[in-house]
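Asker: Given the coordinates of chain D, assemble chains P and H onto it according to the supplied hints.
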Amino acid sequence: MVRMIPRRLALGAITVFLVSTIIFAGVELLPGDACTAFLQRDAQGKLLDNCRAELGLNRPAVERYVEWASGALTGDLSVSAKGRQPISEIVGIRLRNTLLLASGAAMIGVPLALVFGVWAALRRDRLTDLTISTLAIGFMTVPEFVSATVMILVFSIWLNWLSGIIIISPDAPLIEFIPKIVLPVLVLTFVMTAHILRTVRSSVINTLASDFVQMAVLKGVPYWQVIIRHVLPNALLPVINVVALTIAWLLGGVVVIETVFNYPGLGRLMIDSITDRDLPVTQAIALIIATIYVGVNLAADILAMIVNPRLRTLKARQE
Amino acid sequence: MTGLDTDHRCVLSVGNLSVGFSDREKQIRPILRNIDFRIHAGETVGIVGESGSGKSTFALAMMGYLKAGLHRVDGRVTVNGCDMFVALPQALERIRGRQVALVPQNPAQALTPSLTIGAHIREALRLHSDLVGEAIDRRAIELLAQVRLPHPDILLARYPHELSGGQQQRVAIAMALAGAPDILVLDEPTTGLDVTTQAHILMLLRELARERSMAMIYVSHDLGAIAQVAERIVVMYAGEIVLDGPTRSVLRSPHHPYAKGLLASIPRFSAASRPLPLHGRPPAPGQAGSACGFVGRCPLETEQCRTQRPDFVALSANEASRCHHISRLAEWPETRKTEAVLRDHGAAQEILKIDALSVTYARPSLIDQIRGRPSRAPKTVDDITLSLRRGEALGLVGESGSGKSTILKALAGLVPMEAQQAVLDGSQDLTRRLELRRPEELRRVQIIFQNPDESLNPRQTIFDILAQPLMLYFGLTGSDLRARCEALLEQVRLGAHYLDRFPGQLSGGEKQRVAIARAFAAEPDLVLCDEITSALDVSVQAAVLDLIETLRREKNTTIVFVSHDLAVVRSVADKIAVLYQGRLCEMGPVADVYASPSHPYTQALLGATLEPDPDLHPTLLALDVTEAGPPPKGCVFQNRCHKKLSGRCDEEIPAWALSDMQHQTRCHLIA
Amino acid sequence: MIVLSRLPSWQRRSRLIGLISDLISRPSGAVGLFLICLHLGLAIGGPWIAPYDFKAISTKALLQGPSLAHLLGTDHLGRDILSRTLLGGREAILVTSLATPLAMMWGGLVGIYFGLVGGRVDDVLMRVVDAFLSLPWILKMLVIIVTFGTGIGILIPTLAFFYGIPVIRVARAATHDVVARDFIQAAKARGHRTLTIIWREIMPNVRDALLVEGAMRWSWMLLAFSSLSFLGFGVSPPNPDWGLMISDARGFMSFAPVGVIAPVIALSTLIIGINLTADALAKALGLDRTQKAPV
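Residue numbers (our numbering), protein chains in the order written: chain D, 1 to 319; chain P, 1 to 671; chain H, 1 to 295.
This is chain D alone, in the form it adopts within the complex (with noise of 0.2 Å):
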């Protein structure tokens, strides 16, 4: 197994260069460049001129990509082409904030999805079950804005408990964020478990169908040990990749509950640089979150290989 994890390792540069690429030559065929882009009907004359000349965007793509690429590895992004600021200072807030909400939701999420799909899949078609799949697919199919829409209508409107709207500067330390973020936190919670949980619900009843628990059942093996030590250590193993995706998911997801809550971290940030034309910030923030996405997957994968020893002694063997 030890030699398969560099090899996942080079797989997962490979695709995070790949990304750069697909991102940098999006840019470049849109039509104009990011001066055009952002000073829209400005965009001429000595205008036009300086801002280009200050992007450095006269040089040829490839030399342009280099150094962005090159750049981005060591942590500069370059600068933005509204206000000229450094990229990674804006971007560094704004990724810490949306990270807090991100880690908060999976903290709180993950083990909820477990505990009640597991739950869900041992009452299989019964009140239990029904209760939590039906909330479940509630959460899933109802699309983010909708769920933290009501959320604030309950919670915030109606019974008063928590605060809809999130007025904060960005750069605020991370403790006064906390009391603020209860509701949001909520909500991306309860989709992230929504989706976890429908996996973790079918695994668990596929590997209750299995031979093997059948097997176990026929030994003599008590009820909860068949589950604690049959069921789960196997039923369980397909749902890391599944945790992987939906964390992954939930950085795309996020910009929609950012919006609604009005919070200050890089899906507002994302939707603002889109709105702005500023292509250095969208740039940037793109690879940022397709290196986490990769990261994550890469995580799950050689977790998942640890925990399987059907990966683990396999792959050793085919070497």
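Note that these hints are calculated values from the structure, not bench results. From a predicted model like this one, the values you see are computed outputs, not experimental measurements. The beta-carbon is built from N, C-alpha and C at its ideal position, and this holds for glycine as well. Errors might be hidden in some of the hints.
[What the hints assert, rightly or not] Below 25 Å or equal to it, Euclidean Cα-Cα: the simulated SDA-like pairs (lysine to any residue) are: (1) H:Lys283 x D:Arg123; (2) H:Lys140 x D:Arg123; (3) H:Lys140 x D:Leu11; (4) P:Lys67 x D:Arg123; (5) H:Lys188 x P:Leu606; (6) H:Lys188 x P:Ser253; (7) H:Lys283 x D:Trp119; (8) H:Lys140 x D:Thr36; (9) P:Lys409 x H:Ser28.
[To be verified] What follows is a list of derived Cβ distance ranges for each label pair: (10) P:Pro150 x D:Arg8: 33 to 39 Å; (11) D:Ile228 x P:Val132: 19 to 25 Å; (12) P:Leu131 x D:Ile228: 21 to 27 Å; (13) P:Val132 x D:Leu311: 32 to 38 Å; (14) D:Phe17 x P:Pro632: 56 to 62 Å.
Answerer: Chains P and H in isolation, oriented as in the chain D frame:
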């Protein structure tokens, strides 16, 4: 019923058990009907039945377990006095594994993938023995040694997927023995294992039963295996027990039409007669009605059989049968012993000539790729040389890993091969890949696959399936096409009304016949049969073999028939070639090779083959080792040969030695 | 495929009818189909049912609660909420029901082709697809929309393109499953051309998986479309759209909640209807389903 000596107590009894499921209209569909069965301490009983007979459901029911969707309709199962379907879960947990234990059908699926072998055995010991701590580990090693597994201490730390099928099954047996049960239920324990492995496991089971005076219930479709272990045989058909009696009696003179038909349809290799097909098919699970289940297939059938279900009636102190016409069994039509005519193909021309054919799957390692060298790993199949005359049938036999299927696929062009020469009918080069072959060339070689469920497209009708080769090779359309399809179906003894059905509506045997019809539709010169009977029930195999033989004779087609079942090959082939790990060991006329095998592997194979005859015991010659691939040098059989000459056999590949009448062997001992 | 095997030959043409009747026999299928048909009916017949013109602004009747004149009240511009809700799904349904088949077709064909061809090309393609999928969908959609506009002519191809990419994955996996089976080998051995094999042998077997996937894709696309409208990047005012309505009415939720509740119920019922139908479809076709995160 079946009372034996009274000093053997009855350990398990089944009284009037009926099990079924509820269909969509809330009707009860029976899977088991009125089963009466008893087994005593130390007895071994074989339960034999084909698919749909309900034997697996019965095996699990004896442990008080039914698959989801099934429920007990009537009757009871009593183990040492405890009613299994009424007992509380805690009581069942104490009985299962401790008083009655199961050896499952598919050990690869039945062992939990996330637990080591040690964890499995220790769990069984913790639950069902009084041992603690270190004593458990010691006992675990003892158990593994008892089932003849090598290096038990190392094995404890391995995971199930790291073991071979035979090893997994032994682990399952060890696990079952951990609780020192009074009764051992075995559900098809040797299905899927190689012939030689199977023989070893059966011997092990016989010894274990003797040592521990355990009662054993051996459920299987394989009468050969049952004949080796059981003193008593119970025959199941359509969810009922139709015959229950001592082994010799059941196998030599069965008192039930189905049992008679079944035994007549099993190919034997000791007798050179063709098996008699058993026509028709059993009622689908849940479809049995108020008539005898064997209606429509029985030569003794009368009106009474169609309206009244026969009772299970005792014929003597230890035999019982379920048939209205037991007294008339003497009228049974004599089995026509069709002697395998020594087909003389001497006058026919040579149609297939293969010289030094080899196939390699392994990709060269990175280093070799860079250097442009071919892979240095031993080839999957190597040095295959043989020739066939038109109309001859060649049997390729071997166990798993022998490469027999690979050779067929290579001839069909599905797998790339290299050969000095591979020529069909003097003109067609078979080394050419599929994409490079002309349609006319493709037409002349047809292949039939093992699993009829897989080889027919489930979304096409039988008409679509048969039309494909006709349209492709002959350009038939319209009414010509339809007429030809009907004619093809008739040739394989299926009615024209099958044309509009889908494969899902046909039985296994019928599907395979469609596959055969499809192959012969192209009017090929060479038909390659890849284990075409292995996935079918025993009684259905005979019909398929019969069909192949008939078609071959009528059209003078050349057949290459691959099988692991030596008896099946005996009834089809003229010549036989024995393969081990992709290399030829012995070749010659089938009667000759079977009568006097010269290669040690052939001897081991023949020795291990089971016949449904309790007096013929397998001889175990080859060492019970599973090999992953051929050895890098020397004779291919060196690691398992019981007659090995160390030195020569390790280093040199033996040359071909001709004994007589084209019977060749490749062994240093013969040369 | 138990459904099919019970049908006699002359009913082969009515496979569709058989499927629909199977769906209706299941409770989830019945409810789901009903909801879908209801919404389709509203989308088509809405203009005749709606009591008011959706554009009609009235400065006198701003943010009124439900009354006899306006059954669901009015919004912040005095427009009738009931009418706007009835018509709010039209553009969403139009765009997504055109984009979904497009996405399935192009993603399906590419996925099947590469699933069949395999080899290096397939590996490279999968890397590229993975890289593409690592970018959040909103980003990809917004960049295109902001550059080229929000007209239907932009939205349909864009949605079809981006949502077709994960379909490549699904189609490829389904193809891999089928290709491993013997009847494909048998067809190859007979010498049929690749295209014939794809059309005759593979497609009918992959069709079912793609059908269920297609239903799910539709619901995810609706989700995406309404999210875009909510953010202001989808339907342009004054056209009614549920996402847009929710966004507009958000600010007035504390005293005029109907403006939010009505479109929420409308949108949710349609999406739930599609999901229930997809679920029932999967069961009717005998496919196992695991929920995946929408991409």
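Asker: Give a verdict on every hint.
Answerer: Comparing the hints with the structure gives:
no. : hint                            : verdict
1   : H:Lys283 x D:Arg123             : 20 Å, holds
2   : H:Lys140 x D:Arg123             : 41 Å, violated
3   : H:Lys140 x D:Leu11              : 23 Å, holds
4   : P:Lys67 x D:Arg123              : 18 Å, holds
5   : H:Lys188 x P:Leu606             : 36 Å, violated
6   : H:Lys188 x P:Ser253             : 48 Å, violated
7   : H:Lys283 x D:Trp119             : 23 Å, holds
8   : H:Lys140 x D:Thr36              : 20 Å, holds
9   : P:Lys409 x H:Ser28              : 47 Å, violated
10  : P:Pro150 x D:Arg8: 33 to 39 Å   : 35 Å, holds
11  : D:Ile228 x P:Val132: 19 to 25 Å : 21 Å, holds
12  : P:Leu131 x D:Ile228: 21 to 27 Å : 22 Å, holds
13  : P:Val132 x D:Leu311: 32 to 38 Å : 34 Å, holds
14  : D:Phe17 x P:Pro632: 56 to 62 Å  : 41 Å, violated
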